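J.: Chains as they are written, first to last, in my numbering: chain A, 65 to 290; chain B, 65 to 290.
It should be emphasised that the hints constitute simulated quantities derived from the structure, not laboratory data. What you are looking at is a predicted structure, and each value in this text was computed from that prediction instead of being measured. Some hints could be false.
If several chains are the same, the list does not tell them apart, and a pair holds so long as it fits within one copy or across any two.
[Said to hold, decoys possible] Simulated pairs of lysine-lysine, DSS-like, Cα-Cα distance not exceeding 27 Å:
id, residue 1, residue 2
1, Lys196, Lys94
2, Lys127, Lys220
3, Lys197, Lys116
4, Lys220, Lys94
5, Lys220, Lys196
6, Lys116, Lys94
7, Lys116, Lys220
8, Lys127, Lys116
9, Lys197, Lys94
10, Lys127, Lys94
11, Lys127, Lys197
12, Lys197, Lys220
Number of protein chains: 2
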Amino acid sequence: MSIDRKKKAASTGPQSIDGTRSDVLRAAAKLFRNQGYAATTLRQIAEAVDVKAGSIYYHFDSKEQILDEVLDTGIRVVMNEVRTRLDALPAEAPCRRRIEAAIEGHLVGMLQHGDFTSANIRIYGQIPAGPKKRHRAVRAAYANYWDQLLAECQGKGGLRADVSVSVLRLFVVGALNWTVEWFDPRHGSLEAFIRQISAIVFDGISPHATASNLHRLRPDSREQRR
Amino acid sequence: MSIDRKKKAASTGPQSIDGTRSDVLRAAAKLFRNQGYAATTLRQIAEAVDVKAGSIYYHFDSKEQILDEVLDTGIRVVMNEVRTRLDALPAEAPCRRRIEAAIEGHLVGMLQHGDFTSANIRIYGQIPAGPKKRHRAVRAAYANYWDQLLAECQGKGGLRADVSVSVLRLFVVGALNWTVEWFDPRHGSLEAFIRQISAIVFDGISPHATASNLHRLRPDSREQRR
DNA sequence: GTCTATAAACTGATAGAC
DNA sequence: GTCTATCAGTTTATAGAC
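Starting from the given sequences, assemble the full structure and let the hints guide the process.
T.: In C-alpha cells, the structure reads:
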C-alpha cells in the first residue's frame, strides 16, 4: 500500500514537492476546467492525487473552499505576470510599449497556468452565488488595473478615443482570455504568437504596409475600392 | 391543478405557443448557460416549464438529446444571421463590407439568442465525449464558412497578410463570442455596439484620425513618440 | 495525514395509471 | 401528454480507527 503510494507520487513528478494540498488544487483546476465545477466530484479529485475522498477534508473545509482558491489563483497568476512587466518598464515608456507589455504578461500568465486560468474563465458564470460573490473583488481589481492603464493612454492620445475605456478593456481582455481555448504551441512559438496577437489588437485585421505584404501595394494587385 | 397550469402558461408568455418541447429546450439552454450541463437536473428543467420530470421523457429520449439540440441551435441561429446578410450583398461588394456584414450577423445572432449561444460557448469544453463529437461537424461547418470568406479577402489584399487566416478567424470569432458575456444594452444600442466592435476589429485600438478625435492631431496634444 | 464506513440527500431513467 | 412512484446509483460530508 505504501509502495503503491510512492510509485504514484514518483510518476506524478515534481509537482508533489509542495504536498497534497497543492496537488489537490492543481487536480481540481484541471477537472473544473474540463468538466465544470458541479460535475467534478471529490472522488475524482482524490483519485487524481492518489488519495481517498475523505482525506481531502483534512486540507479543505468543503468543495467550495477548493473552488475559491482555484478561482483566485487563476486571476492572480495573470495579474502578477502583467504587473512584473509593467513595473520593469521605464516611467516614460510610450503607451504602445506599455500596453504591449500588458498583453504579453496576460498571455504568458494565461497560457502557462492554463488549468487555473481556463477553469476560471469557463466556470465563473456557472458557480454558486457564494463563491461568485467572494471572487468578485479579485476580478474587479484586475479590471481596474487595466482600466487605469488604458485611461491614462487614452488621455495622452495613445489610444483611440471614439470607444470608451471599459469597452476597449472588455473587448481586448476578453479576446486575450479566449486565446487559451485555441492557442496551439505546435503551430508556432509563444513569442511569435504574442507578436501576432499584439499586432491584431493594435492595428486590426485591415491590410497594412508591413515588410511581408509590401508587394500588395502595387496598384494592379490591389482590391478595387469604392 | 389545471388552473395552476393555465396561470403559469399565461405568465410564461408567447414563448409557449410552440408547445412543451420548445419550452424545454429554451429552459434547458438557460440552465445550461448558468449552471453547466452536469449541474442542471431534469427536475430543474421540468420545474421551469411547469411540468414534472418524468414528462420530459415523452419529448426526449435522454438528457443528452436535449444537450445535442441546444448545442446545435446555438451555432445555427448565428450562422443563419451571418449567411442572410452575406447573401444580401452584391457579388462585387468589397471585403470590408462583407466582413462587416459577417460581424454584424454574428453579433446579432449571438445577442438575440443569448441563452443558446452562451450555453454553447460556455459548456462545449465541459460536456461528455459523445455529444461533443456529434456537435463537432456543426462547429466545423461554421468555422469553414468564415475561413472561406477571410481567405478570399486575404487573397485580394483586403486583409492583413502577415497572420494566417485560421489565426485571424480564431481571434475574431473568439473575441465576438465573448461579447455575449459582457454586452449590456443599457450602455447603448446594439447598432452602436456593432459599429464600435467592427471598428476595433478592423483598425485596432490604436488612435485614428476619426471625426471624434481629430482635435488630438494638434501637435501639442499628441503623445511623444520615440 | 490518511483511512474506512456510513449518513442523508439527490440523480437520470423507467413503468404504468389516467 | 402528463402524472406518480420507484429503482439503482451517486453525491458531499462526517465520525472515528490507525
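J.: Now tell me, hint by hint, if it's right for this structure.
T.: Here is what the structure says about each hint:
no.: 1; hint: Lys196 <-> Lys94; verdict: both (19 Å within a copy, 18 Å between copies)
no.: 2; hint: Lys127 <-> Lys220; verdict: neither (47 Å within a copy, 55 Å between copies)
no.: 3; hint: Lys197 <-> Lys116; verdict: neither (30 Å within a copy, 32 Å between copies)
no.: 4; hint: Lys220 <-> Lys94; verdict: neither (42 Å within a copy, 43 Å between copies)
no.: 5; hint: Lys220 <-> Lys196; verdict: neither (36 Å within a copy, 47 Å between copies)
no.: 6; hint: Lys116 <-> Lys94; verdict: within (18 Å within a copy, 35 Å between copies)
no.: 7; hint: Lys116 <-> Lys220; verdict: neither (58 Å within a copy, 61 Å between copies)
no.: 8; hint: Lys127 <-> Lys116; verdict: within (14 Å within a copy, 30 Å between copies)
no.: 9; hint: Lys197 <-> Lys94; verdict: both (22 Å within a copy, 20 Å between copies)
no.: 10; hint: Lys127 <-> Lys94; verdict: both (15 Å within a copy, 25 Å between copies)
no.: 11; hint: Lys127 <-> Lys197; verdict: within (16 Å within a copy, 30 Å between copies)
no.: 12; hint: Lys197 <-> Lys220; verdict: neither (35 Å within a copy, 50 Å between copies)
Consistency with the previously given hints fails for numbers 2, 3, 4, 5, 7 and 12, ordered from lowest to highest.
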